[in-house]
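K.L.:
Just need the whole structure built from these sequences, with the hints factored in.
There are 2 protein chains.
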Amino acid sequence: MENFEYQCQTKIIFGKETENQAGEEINKLGKKVLLHYGSGSIKKSGLYDRIVESLKKANVEFVELSGVVPNPRLSLVKEGVELCKKEDVDCILAVGGGSVIDSAKAIGAGAVYDGNVWDFFEGKIIEKSLPVGVVLTISAAGSEASNATVITNEDGPRKASSHGNIRPKFAILNPELTYSVSKDQTANGIADMMAHIFERYFTNSKSVDLTDKLCEGALRSIVKNGRIVMSEPENYDARANLMWASTLAHNGLLGTGREEDWASHGIEHQLSAFYDIPHGAGLAIIFPAWMRYVVKQDISRFAQFAREVWKIDECCDEDMAIQAIEKTKEFFKELGLPTSLSELNIYNEKFVEMAKICAGSGRRGNFVRLKSEDIERIYELAK
Amino acid sequence: MENFEYQCQTKIIFGKETENQAGEEINKLGKKVLLHYGSGSIKKSGLYDRIVESLKKANVEFVELSGVVPNPRLSLVKEGVELCKKEDVDCILAVGGGSVIDSAKAIGAGAVYDGNVWDFFEGKIIEKSLPVGVVLTISAAGSEASNATVITNEDGPRKASSHGNIRPKFAILNPELTYSVSKDQTANGIADMMAHIFERYFTNSKSVDLTDKLCEGALRSIVKNGRIVMSEPENYDARANLMWASTLAHNGLLGTGREEDWASHGIEHQLSAFYDIPHGAGLAIIFPAWMRYVVKQDISRFAQFAREVWKIDECCDEDMAIQAIEKTKEFFKELGLPTSLSELNIYNEKFVEMAKICAGSGRRGNFVRLKSEDIERIYELAK
Numbered sequence: 001m002e003n004f005e006y007q008c009q010t011k012i013i014f015g016k017e018t019e020n021q022a023g024e025e026i027n028k029l030g031k032k033v034l035l036h037y038g039s040g041s042i043k044k045s046g047l048y049d050r051i052v053e054s055l056k057k058a059n060v061e062f063v064e065l066s067g068v069v070p071n072p073r074l075s076l077v078k079e080g081v082e083l084c085k086k087e088d089v090d091c092i093l094a095v096g097g098g099s100v101i102d103s104a105k106a107i108g109a110g111a112v113y114d115g116n117v118w119d120f121f122e123g124k125i126i127e128k129s130l131p132v133g134v135v136l137t138i139s140a141a142g143s144e145a146s147n148a149t150v151i152t153n154e155d156g157p158r159k160a161s162s163h164g165n166i167r168p169k170f171a172i173l174n175p176e177l178t179y180s181v182s183k184d185q186t187a188n189g190i191a192d193m194m195a196h197i198f199e200r201y202f203t204n205s206k207s208v209d210l211t212d213k214l215c216e217g218a219l220r221s222i223v224k225n226g227r228i229v230m231s232e233p234e235n236y237d238a239r240a241n242l243m244w245a246s247t248l249a250h251n252g253l254l255g256t257g258r259e260e261d262w263a264s265h266g267i268e269h270q271l272s273a274f275y276d277i278p279h280g281a282g283l284a285i286i287f288p289a290w291m292r293y294v295v296k297q298d299i300s301r302f303a304q305f306a307r308e309v310w311k312i313d314e315c316c317d318e319d320m321a322i323q324a325i326e327k328t329k330e331f332f333k334e335l336g337l338p339t340s341l342s343e344l345n346i347y348n349e350k351f352v353e354m355a356k357i358c359a360g361s362g363r364r365g366n367f368v369r370l371k372s373e374d375i376e377r378i379y380e381l382a383k
Numbered sequence: 001m002e003n004f005e006y007q008c009q010t011k012i013i014f015g016k017e018t019e020n021q022a023g024e025e026i027n028k029l030g031k032k033v034l035l036h037y038g039s040g041s042i043k044k045s046g047l048y049d050r051i052v053e054s055l056k057k058a059n060v061e062f063v064e065l066s067g068v069v070p071n072p073r074l075s076l077v078k079e080g081v082e083l084c085k086k087e088d089v090d091c092i093l094a095v096g097g098g099s100v101i102d103s104a105k106a107i108g109a110g111a112v113y114d115g116n117v118w119d120f121f122e123g124k125i126i127e128k129s130l131p132v133g134v135v136l137t138i139s140a141a142g143s144e145a146s147n148a149t150v151i152t153n154e155d156g157p158r159k160a161s162s163h164g165n166i167r168p169k170f171a172i173l174n175p176e177l178t179y180s181v182s183k184d185q186t187a188n189g190i191a192d193m194m195a196h197i198f199e200r201y202f203t204n205s206k207s208v209d210l211t212d213k214l215c216e217g218a219l220r221s222i223v224k225n226g227r228i229v230m231s232e233p234e235n236y237d238a239r240a241n242l243m244w245a246s247t248l249a250h251n252g253l254l255g256t257g258r259e260e261d262w263a264s265h266g267i268e269h270q271l272s273a274f275y276d277i278p279h280g281a282g283l284a285i286i287f288p289a290w291m292r293y294v295v296k297q298d299i300s301r302f303a304q305f306a307r308e309v310w311k312i313d314e315c316c317d318e319d320m321a322i323q324a325i326e327k328t329k330e331f332f333k334e335l336g337l338p339t340s341l342s343e344l345n346i347y348n349e350k351f352v353e354m355a356k357i358c359a360g361s362g363r364r365g366n367f368v369r370l371k372s373e374d375i376e377r378i379y380e381l382a383k
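Taken in sequence, the protein lines are chains A and B. Read in the numbering used here, the first sequence has 164 at position 164, and its numbers run on one by one without any break. Read in the numbering used here, the second sequence has 348 at position 348, and its numbers run on one by one without any break.
No wet-lab data here; the hints were simulated from the structure. Fair warning: there could be bad hints in the mix.
Note: identical chains are not told apart, hence a pair may lie in one copy or across any two.
[Claimed, not checked] Simulated pairs of lysine-lysine, DSSO-like, Cα-Cα distance not exceeding 27 Å: (1) K169 / K128; (2) K383 / K78; (3) K169 / K86; (4) K383 / K296; (5) K206 / K11; (6) K16 / K206; (7) K311 / K11; (8) K43 / K329; (9) K169 / K11; (10) K327 / K57; (11) K56 / K296; (12) K183 / K206; (13) K350 / K86; (14) K128 / K296.
P.N.:
Below, the structure written as structure tokens:
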């Protein structure tokens, strides 16, 4: 087990009708808030009205910035930064999923920084930020309690992440708000949360028995409840277990004491930067390919994954490992996710370029340190 | 799944030699600290010197209060409160196990309160407190990241708990510091952390699949690593997994979305108040008796406990439930813990009195609401 520091301060407010507490919670962070959201589906659902009412009740003044899209754009972040500075905003309320939250985090960091906000995506650590609160509407990215944000610079195209002191101050999680999430988006979210656990589970750190078991338990719960919500989108308890799992999958807890990997996320980020595909779908394609490429690094860990997550019981570790990778892929298929690049009409034209950007000046990942050529082969395996 | 609010702000600093960061961390909380500890074993081990050196390096002034005993006493808490007020202390550093931390929390609350600190143990919620930091030396109570404290009023005798805004600001967890914990104390600690999970696991809340699995995983990890440390007290990884498990068992995470029980803790508190026995040993005696008394409330939950924690696979839920209770008792026995009151020369003289105090004016517990007569019967079953 590795040494670690861990602190997740995000206050979780979980359950039915909790979105009505948004105003009261924001009021603890400031008197003027940027209300940040996506395409406007929150207006159709009535959520926007409830949030606005809650803000008014709490005497919180607000300005708005909508228009966040999946793979959130730097241009909108810059617009948000300007708006916060101009309007002298105290804090940000992100109402939406991971894209809206990531966008809000980047705006929060940029609003108290004199330089170009993209600096934070080129290696600068975020030390301070406007406080961010969240009303979550999609179980997926775990951004509501994570210390990371991922933004796409359209001028690259380049999708990059930044870390730092940006965990939201509070996150309101009402599972009912996810009833209306489409099947596709629900499936993308399930792949995303599983991927967040995979990045931590596949490690070279030895003797991490406790977090192994927590990862395995969370994965089994996601598989079980994931299956339920695909056929019963309004099953409260399944949505609730899945929603809490999505937060715990990425608030850092499951990686404590472990060296994490994160190669597959890097490999996927180039895919969604170049082709603007949903992050979850990209992960569903990349992860099984990555697993096939790296399985020999630690057959016994993959066999444990087979036994504890997929309940595969064979005599030979190698067979179990291979079957577990197949099972993972089959599960993604069962959810209706793509599991090959060709299904999205992505062929090998840009594999070399994407692999080079992904590897950057060095290597990617920790479980196996991947060079540009390795990443190219993983794209090939994902074809 | 129930609605919940959850926030655990404690910064965890985990790993080898981390105690040397105590000064630097305390320095963020104040310039003058009360150094609070137990019997002086930290002086023999050299830990005291390292802490003092770390405080000096960080230019933190300190005053000392030692002498905390298991089942920490109100009299020492009051002494600490006076000392903090007199010396104008900014914060408290607890170096020790659960008793020292609980004592520090109570002192912290009392130091910024004008009334009698015992008020907080008679129902008053702790709203503010001096900030507390921890260097943990025993894996057991989980007080290093919990919002609770338990103090014994010698004038009762009465052992009572209080809750509130008292989670430590940081907790330094170096598993090496637990190498020297005796077999008895190690075993008490294992029973304590398992009990903290049992109090959350046995619930009437339905569809709490995710936290069920997290509880089960943590329990299995405790059983596995508990066995290892009993024969290999200096096995770093086993001590490390156990130490992190003890914190996670009681930082509130495993109870999210669940109605918790806490009857067994109440029943045990009277035992250790009347007979001054170690809390962990008391729990090892009480919990199997409580389980036998309440098993019929939800046979299928006990069968799940059997299957997922003890890997018992029988055809009939009732048999599995009974076997799981036996297994729990056997495991405590294997650790060298007492599993009956008679082993500690406790007979039925005070059962009626203890049961009455425990039930208070109402009932105790949530899984089954226990009246005074029920509690008496549980003491009888534990004979």
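K.L.:
Could you run down the list of hints and mark each one as holding or not?
P.N.:
Hints versus structure:
1. K169 / K128: both (13 Å within a copy, 20 Å between copies)
2. K383 / K78: Neither. Shortest intra-copy (35 Å) and inter-copy (70 Å) distances fail the 27 Å Cα cut-off.
3. K169 / K86: within (23 Å within a copy, 36 Å between copies)
4. K383 / K296: within (21 Å within a copy, 55 Å between copies)
5. K206 / K11: between (32 Å within a copy, 24 Å between copies)
6. K16 / K206: between (41 Å within a copy, 15 Å between copies)
7. K311 / K11: This pair counts as neither: shortest intra-copy Cα distance 35 Å, inter-copy 35 Å.
8. K43 / K329: For K43 and K329, the Cα distance exceeds 27 Å both inside one copy (36 Å) and across copies (57 Å).
9. K169 / K11: Answer is both; intra-copy 6 Å and inter-copy 15 Å each pass.
10. K327 / K57: Result: close neither inside a copy nor across copies, 50 Å intra and 55 Å inter.
11. K56 / K296: neither (58 Å within a copy, 50 Å between copies)
12. K183 / K206: between (38 Å within a copy, 25 Å between copies)
13. K350 / K86: neither (41 Å within a copy, 71 Å between copies)
14. K128 / K296: neither (42 Å within a copy, 54 Å between copies)
Taken one by one, the earlier hints fail for this structure at numbers 2, 7, 8, 10, 11, 13, 14, listed in ascending order.
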